[in-house]
Amino acid sequence: MKAKQLKIALRNCGVTDPENIQDYIACEGYLALGSCLIAGNRQAVVDTIKQSGLRGRGGGGFLTGQKWEFASQSEADKKYVVCNADEGDPGAFMDRALLEGDPHSVLEAMAICGYAIGADQGLIYIRAESLLAIKRLKVAIAQAEEAGLIGKNILNSGFDFKIGLKYGAGAFVCGEETALIKSMEGNRGEPVSKPPYPTECGYLGKPTNVNNVETFANVPAIINKGAEWFASIGTEKSKGTKVFALAGKVKKVGLVEVPMGTTLRELIYDIGDGILNDKVFQAVQIGGPSGGCLTVKNLDMPIDYESLIAAGSMMGSGGMIVMDEDDCMVAVAKFYLDFTMEESCGKCAPCREGNKALYNILNKITHGKGTMADIDRLKELSVVIKSTSLCGLGQTSPNPVLSTIDNFYDEYVQHVVDKKCRAKRCRALIEYSVVEENCIGCGACKRACPADAISGAPQKVHLIDQKKCVKCDACLQKCRFNAIVVK
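Residue numbers (the numbering used here): 1 to 487.
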């Protein structure tokens, strides 16, 4: 539903040819950079971004203008502007789509940031697997250099700003700015303790401003239309719009951009057109592995930084995975723990060992071997991991566990006490059986079974040997008479 959307970051995606700089210029492209250079007031640029209320769109939501001011106040012979394009959340594809659809907006914003903080070098840290985004960035950089909009003496202003690419290997932890910087330097991507912050001591020991793709994409529009215009959109503390990758059990998936304060109900039911196959809404995971599951009680909650944190989740980069009644929330928590456990850099013990311990407990529960004490241990261990981990990955990794326990405690109890999975997703807790009155003895299930677990004579009721059954679902798929059920 287009009426619910407001495109600022995505304003040019699908409108202009991303490989034609003239298309971008025709849509006020590089006008913001030109106006900044003509005005010649670096502090005014920082003040505009501060007054706009723009916050980082990549995770924690730190005030962008404040970060720029810190970097501008740091004294050094060299400064850097870094664009974090290392997008690794499951189900998230906002930054990649922005770079594929409108690379010049990011280049222009980086140049504006470079001018504001006194940097002459920009670097885009991007996953090597994002081939189309890389291709279009290279084309855009070459075109901007040829037009005199990037490089030496931009628009005869005396301002120099070059932009290059740095490739990542796809480590989720490198979304954290200090780990990202270590990776850019050719070291193992591990976070470091702060302070000092990157704005004081970052890439190669120099002051470095790091913002993600979506944050930068807002900057030219803010400069062109003014801080008051941007600040008039959204909520009191969360200004502007947010891009979400709407995915999962929703009828219309894809990128959406809405004003901060839009409710989950509007996103899922008005823009996303409701739950796939008209099933019952169960939960939505916002913020990727770092976020938490929100439920039907949160559908009318405004989506902004403070509201999400209060609800036990977080904005993150904007991944939004919708789940229905057929999803097991214990298995969902286990899925995200598996991801963060594998993506942990291993530097600090709370994250390295703690997440593994959380996963092992969840694995025990989903295999029908858990106890009520295990649920208490999950909560206790999660609190310890959150309070003692070194970086944001470890500090937020227990969120899916805590939010699912808080909102779906009965499912945990069912797994532990009844040894059943309501959604029939946990293989160890389900059983395939034959409905005698429906079975005609056709043998289709028997022929499909890879474990030789089904026996029975032709035209006689068949039986499933539970000890042999590998729960592959083959018999259920082959039976045409509703004679196989899952309990």
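A portion of the hints provided could be inaccurate.
As the list claims (entries may be wrong) - Straight-line alpha carbon distances no greater than 27 Å define the calculated BS3-like cross-link-like pairs of lysine-lysine that follow: (1) K162 - K50; (2) K135 - K7; (3) K135 - K297; (4) K251 - K7.
What the hints assert, rightly or not - Label-pair distances were calculated between CB atoms; the ranges are: (5) G274 - N20: 36 to 44 Å; (6) N224 - K152: 22 to 30 Å; (7) E342 - D270: 16 to 24 Å; (8) N360 - N482: 34 to 42 Å; (9) S387 - E436: 17 to 25 Å; (10) Q22 - A231: 27 to 35 Å; (11) D326 - Q43: 33 to 41 Å; (12) Y409 - N360: 51 to 59 Å.
In case anyone wonders, no lab produced these hints; they're calculated from the structure.
For glycine and all other residues, C-beta sits at the position ideal for the given N, C-alpha and C.
Okay, the hints, checked on the actual structure:
1. K162 - K50: With Cα atoms ~25 Å apart, K162 and K50 stay inside 27 Å; holds.
2. K135 - K7: Judged against 27 Å, a Cα distance of about 24 Å means the pair holds.
3. K135 - K297: Between K135 and K297 the Cα gap is close to 44 Å, so the pair fails against 27 Å, i.e. violated.
4. K251 - K7: Within the cut-off at roughly 21 Å; holds.
5. G274 - N20: 36 to 44 Å: 38 Å, holds
6. N224 - K152: 22 to 30 Å: This hint holds: roughly 25 Å between Cβ atoms.
7. E342 - D270: 16 to 24 Å: At roughly 36 Å between Cβ atoms, D270 and E342 fall outside 16 to 24 Å, so the hint is violated.
8. N360 - N482: 34 to 42 Å: 38 Å Cβ-Cβ, so the 34 to 42 Å window holds.
9. S387 - E436: 17 to 25 Å: Violated, at about 56 Å.
10. Q22 - A231: 27 to 35 Å: 32 Å, holds
11. D326 - Q43: 33 to 41 Å: Cβ of D326 to Cβ of Q43: about 55 Å, so the range 33 to 41 Å is violated.
12. Y409 - N360: 51 to 59 Å: 20 Å, violated
Hints 3, 7, 9, 11, 12 from the earlier list are contradicted by this structure; the remaining hints agree with it.
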